[in-house]
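Relying on the hints, combine the two individually framed chains into one complex.
What follows is the residue order along each chain.
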Amino acid sequence: MTAGTASLVSVTDLSIAFPTGEGVVRAVDGLSFTLAPGGALGIVGESGSGKSTAAYALLGLHKGTGAAVSGSVTVAGHDVLAAGDAELRALRGGVAAMVFQDPLSSLDPYQAIGDQIAEVYRVHRKDASRRAARERATEVLDRVGIPDAARRARSRPHEFSGGMRQRALIAMALACEPRLLVADEPTTALDVTVQAQILDLLRDLRAETGMGLILVTHDLGVAAGTVDELLVMKDGRAVEHAPVRTVLDAPRETYTRDLLAAVPRVNVRRTTGVKRPSAEGPGGGVLLEADGLTRTFGSGRKAVTAVEDVSLTLRAGETVGVVGESGSGKTTLGRMLVRLLEPTGGALRYQGRDIGGLKDRELRAFRSELQMVFQDPVSSLNPRRSVGESIADPLRAAGRLGDAEIVARVRELLERVGLDPGAYHRYPHEFSGGQRQRVGIARALAPEPKLIVCDEPVSALDVTTQAQVVRLLGELQRDLGLALVFIAHDLAVVRQVSDRLVVMRNGRIVEEGDADSVYERPGHPYTQGLLAAVPLLEKAEAAA
Amino acid sequence: MTLYFLRRALGAVAVVLVLSAVVYVTFYVAPGDPARLACGPRCNTEQIRQVREQLSLDDPLLTQYWHFLQGIFVGQDYSTGTSVLHCDAPCFGLSYQNNQQVTDMLVERLPATASLAVGAMAVWLSVGIGTGLMSALRRGGVTERVLTWLTLAGTATPVFISGLLMLMVFCAYLEWLPFPTYVPLTEDPEQWAWNMLLPWVALGLLESAKYARLTRSSTLETLAEDHIRTFRAYGVPERSLVVRHALRGALAPVIALTAADFGSIFGGAVLTEKMFGLPGIGQLLVDATQKIDLPVVVAVVVITGAAVVIANIVADVLYAVADRRVALR
Chain A
1 MTAGTASLVS VTDLSIAFPT GEGVVRAVDG LSFTLAPGGA LGIVGESGSG
51 KSTAAYALLG LHKGTGAAVS GSVTVAGHDV LAAGDAELRA LRGGVAAMVF
101 QDPLSSLDPY QAIGDQIAEV YRVHRKDASR RAARERATEV LDRVGIPDAA
151 RRARSRPHEF SGGMRQRALI AMALACEPRL LVADEPTTAL DVTVQAQILD
201 LLRDLRAETG MGLILVTHDL GVAAGTVDEL LVMKDGRAVE HAPVRTVLDA
251 PRETYTRDLL AAVPRVNVRR TTGVKRPSAE GPGGGVLLEA DGLTRTFGSG
301 RKAVTAVEDV SLTLRAGETV GVVGESGSGK TTLGRMLVRL LEPTGGALRY
351 QGRDIGGLKD RELRAFRSEL QMVFQDPVSS LNPRRSVGES IADPLRAAGR
401 LGDAEIVARV RELLERVGLD PGAYHRYPHE FSGGQRQRVG IARALAPEPK
451 LIVCDEPVSA LDVTTQAQVV RLLGELQRDL GLALVFIAHD LAVVRQVSDR
501 LVVMRNGRIV EEGDADSVYE RPGHPYTQGL LAAVPLLEKA EAAA
Chain B
1 MTLYFLRRAL GAVAVVLVLS AVVYVTFYVA PGDPARLACG PRCNTEQIRQ
51 VREQLSLDDP LLTQYWHFLQ GIFVGQDYST GTSVLHCDAP CFGLSYQNNQ
101 QVTDMLVERL PATASLAVGA MAVWLSVGIG TGLMSALRRG GVTERVLTWL
151 TLAGTATPVF ISGLLMLMVF CAYLEWLPFP TYVPLTEDPE QWAWNMLLPW
201 VALGLLESAK YARLTRSSTL ETLAEDHIRT FRAYGVPERS LVVRHALRGA
251 LAPVIALTAA DFGSIFGGAV LTEKMFGLPG IGQLLVDATQ KIDLPVVVAV
301 VVITGAAVVI ANIVADVLYA VADRRVALR
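Chains as they are written, first to last, in UniProt numbering: chain A, 1 to 544; chain B, 1 to 329.
The following block holds chain B by itself, in its conformation from the complex (with noise of 0.2 Å):
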């Protein structure tokens, strides 16, 4: 168990490297110039020049890509021209607007996405598969028929609209809940939670709807499988057939889904953190993508391809404490 923990880590990290190597290259050698692009509009030749030195654009593309690591895993400096720059690891270099480090900004967007991502997970698990067992056990039925209806409903609309109608009912018409602004958990716990339930709640319905649907194709499917009908030929209850028997092995690709998912939410619920004002990782790298901030991009595309590796690995480990068949090697 551990030594397969030590090698699916060996794998992320891998994984992650390519990936940053891939981004790196895209962003850094195919458009423009960066020197340009970090300067700003209005440098003249030389100040360009002077920008290129400072970010070490002339050296091979190797020896760029290893700073760019070093950077990450042991810190760098940047000079300015006059004063010395200590960016610490892990650092992703400097912001091309302002010179902030990047690191700090993704820190402080961090938080929003992280509680959006969790939040809605929850909510998307538990309706989805409480929706795709309900619909699975009363097959043919009309509850089936409605509730395939409200999740074909759920997954066609997009969240600009679901979200809109939830903030024109909940907080303009019937005024239950504030307009949602961001407040940190370590502040507020009870404020950050009422702030966040329509955006869980906006974006864990659009994904319940399709883990309703997987529920309930999967459920069906393990309750057709002999084993079930084993338990039904001694008297087992219907219910614990579904609940003991066939829950677990019906639950596996839900697990592989919502790794996937979860960890796809940091740099993708873009539509979900612009509708309730969240200042999340999204936000950030639309914002960067628009103004050509490269650091900022590369930095984004990283930490999510890392957040969509790690829950992988996590769901990899669910899964084979789930079903004791599945070798760890």
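Chain A on its own, in the form it takes in the complex (with noise of 0.2 Å):
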């Protein structure tokens, strides 16, 4: 840490405040710390502990949005907070540059990808020419790896794939050699496997270049290997400042442990929820059974498969975990389990009926027995009802009780789920995201289901509350004797709660098997290439 002049980041007392309806809230509150040129800094913390908000004042972000900033912030020797639009606009992007979250919807969606990093080049090497700024770009693309990148140069974002509208975004932040890079959450977005590749891309462009790095990320895993310090920050607050290794092996604060200990970890055997025998004897207990199962969405010239000859037993009380990177057809899968969508092709038996191909009318005495809690908690409540009405919906849909023994019901499964039975005639944004999706499951628990299936139930959730849920469920398993299927594309997570494993690529299944053999012994190459991609803490593994 060094300290004072020398400094290429030096942040001093920052508060941010923004108003809102109910008074002033504080998002970053006396936030000091510096970065040596060259130097990289991870700024951790859950949501809405003002990393983020942090990350944005180091380029002046929050002028002009009514936000009130305090403190000061010098970014190599320019006073962030008092420059004016001119002096704002040539640090933004010339001296530091930001990469963003969601690389296509941060990307203009009209425009070639290479007119834009030569429409930011020319903003700020103002002599440029047309030609000059169209080379720079290919240049940069080039760097990032691109291939055939004087081509490629003229496609739109959409026409890129997540991994390479990411480095585009880089791309276009290299395209002015600033002396920082900020990152807010770079890999949020990304597969495991792309992840990894960025995250490879930002060191050696650190190495090359010697540009200081600002990593905002929610995944410590993300920042142990990209990072030299750790800042920690809760409330708007920092809690810890410290080399990484330090942060991570010897942590002084309890809320830092507690972060810690909620990070699932790959490498580490199941912890929560008791692990039952798999099999009770052959065929026994078998509760759900997909038979070359196959899913063609559109037809003729086309057709995309997403699901193809996916076979799957699944038995009482077990959880199955089913892992794959975006487009690999799990959602598709997990979706034809429950019957949400009919597959083309294949059987699918519930306690030995096939229900593959019943209409829907058929389908509705199966309906109770077979249940989804979905990634989205936001969008999967209807924000219009309270949550006691979404609750009881399904009962109310299988018609078996009155409105008395409904209510009861509902307050009762609130209660189970570990919110407040009072919480019936709350509405939705009235809860935190942990919460709703507590809710989330309570509905699916309503109808008293035999198997749930669980579409990411835990990634848009801060790893503390995700490791609740995981609790939760696990818990309710215990207790009721449920069948989970566990979709999910965090494979640390999906460790934490299975019995047996899916592994899936392009719809099909590339391996399957117990748990923990398939994480400790992974006999496809495509699972060892997906194991080898997930960030790790420990100081061992990271080096390997």
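Since the hints were derived computationally from the structure, they do not count as laboratory data. Treat the hints with caution; some may be incorrect.
Pairwise CB distance ranges, derived in the manner of DEER restraints [what the hints assert, rightly or not]:
{"hint": "1", "chain 1": "B", "residue 1": "Leu6", "chain 2": "A", "residue 2": "Gly399", "range": "23 to 31 Å"}
{"hint": "2", "chain 1": "A", "residue 1": "Arg384", "chain 2": "B", "residue 2": "Asp58", "range": "51 to 59 Å"}
{"hint": "3", "chain 1": "A", "residue 1": "Arg384", "chain 2": "B", "residue 2": "Leu6", "range": "42 to 50 Å"}
Yeah, the Cβ is synthetic: ideal placement off N, Cα and C, and Gly gets one too.
Shown next, in the form of structure tokens:
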């Protein structure tokens, strides 16, 4: 930690407050840190900790938004908070460049990627010709590993894959050779193998150009292998700031220790829930059986097969984890298992009866036994209905209980998932993300199902909330004897809940087996690649 | 692209066909006896019978509709008892009032309406998008509040009030402009423009309020998008943000609305036409409806429908040109 004039970034007593309808929200509160030229700092924390808000202040992005910013921010000699519009514009992109989280929405959808980079270049190099700017765009695109950069520079963002878009954004950041790169959750929207590539790229670029890096992330694993120092934030304040190994190996603060404890480990055996004997005799206890399940969307030449020839057996009371990258067909499979989607091929047997081709009317008898928990607890709950009403819906649909009994049952369910039974009349927006997901789970539990398919149930949640929800699912399974299908892209989370594991790729199962043995001795090269790409907290593995 | 266009053109023809069928059935089958209407109030039973025969009203409905379509695509012959009147394609039949060919009547009225539509569109697009952008950029300021009030007042003032005011001020009091009389473009372009100016402004301003509000909200929406934040974070000046990055996305709903409005002026701008004495299609429709001149009514409705459909195809193509993610399939 170099202090004073030599530092690239110097933040002193930074506070940022947003006026809202219900008073002022203090997002950042007295934050101070410095970054030496060429250094790399990770700012970690849960959502709402103020980490992104603080990062935005480095480029003066709060100017004109109504936010009250106080303290001092100096970036490469520029006093950011005092800078005028022209100085700020020169700073942004020229001295400090930002890489955003969602690479699709962060690029102009209407313009060629090369043109967008060239535009930024010409903002900062006023004397550069159009031709020179285009050449620079191609050069940086080539540098970040876009194959055939000269041609691909003419592509629109939607013609790029997620990983290529993130590379393009990094290329834009590089265009004017900034001294500082601020990356705000640069890999959160990406698959684990692509994430590993992007993190490698960031490390290489740092070594090559000597620019400083500030990496904002909620994922301690991502920060662990990329930065030198870690700043842990909570409620707008710095909780702990030390070299990365010190924070990870010997955290001083309780909050940091709790945060680290909540991080699911891909290299640690399952600790939550109770591991069941997966077979109670051959064929015994088989609940759901998929046999050569296939789903094709569209027809003719445009047909896309999302799931192809998948066979899977689910027993009562066990958890099967389904992992795979985006586009691997895991969500389509999950939806078919609860018959939200009709398979176009193969058989789906529930307790011995083929339900794969049943019509909606005939399916009604099975609906209450097969339930689903969705990824986004915000959009999967009707914002205009109270959570109690939402949970009551499947009970009303089943039509077995009277009104009073339904209300009593909903209150019982709310309590069962760890919410206040009095929350019946409250609306989704009054709950936090984790609480909303509990509501989603209560709704799935309402009709007393035998199987719940959870599609990315915790991927929108913070690690500590994630751990709580995973624990809840484990308890419910133990108490109610549910079968769970747990679909997620996060291999570490899946390991912490699964008895068995299914690895999917391009709509097919590439590997299947007892969870621990797949994690410890992956047989398929694809599984090996996936596991190798997971960022680790531990020093030994991180170095390997 | 060509395939897409052909597909859309076929679809458009289908829509217009369905529209024509519905209108035809509604007007010819539902109320009254077309023969009595066509013949006039003083006809006796025998004369009405003759007219029924001339118009083939005793044929099955499907056959009648077939003849109607035939008229549009290949033309038709009408016997008036003593002679045969040939009506070239596209033929919408003969007016009940004066046995004039409906197509001729439409062709006569079309230039005035088309002039009104094109000019008014130019006015509402420039004024609407201009004020919309301005109030989006100056949000929260006095400019925005004033513009919001003006546009609201614009929407709330019917054309027969704003038009009358304009006539009084500019023609009667200030005498800057002549009282509008329609001069065809082909005859005297300059006079055409001067005489059309007030109708354009009156109708254009009325519509522009809607466009200002739409432009404002969609510009603000686009400005809040992530990719705008990206370019702001790279030091791109605010003006370039709007012009180079936000405008394109913001204009998509404006294009869609323009198509619908432009199309519906054919037949729908009655008030404006009446106010400024324009011999347009809207007036024709009103007259025909009052006198239950069925062939004219049907023709105008079909033409208006076709105009809306065509304008929408043009809008879709523009849309796809503006946003290459829109696959033309």
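We went through each hint and held it up to the structure:
1. Leu6/B / Gly399/A: 23 to 31 Å: The hint (23 to 31 Å, Cβ to Cβ) is violated, given that Leu6/B and Gly399/A are roughly 52 Å apart.
2. Arg384/A / Asp58/B: 51 to 59 Å: holds, 58 Å
3. Arg384/A / Leu6/B: 42 to 50 Å: holds, 44 Å
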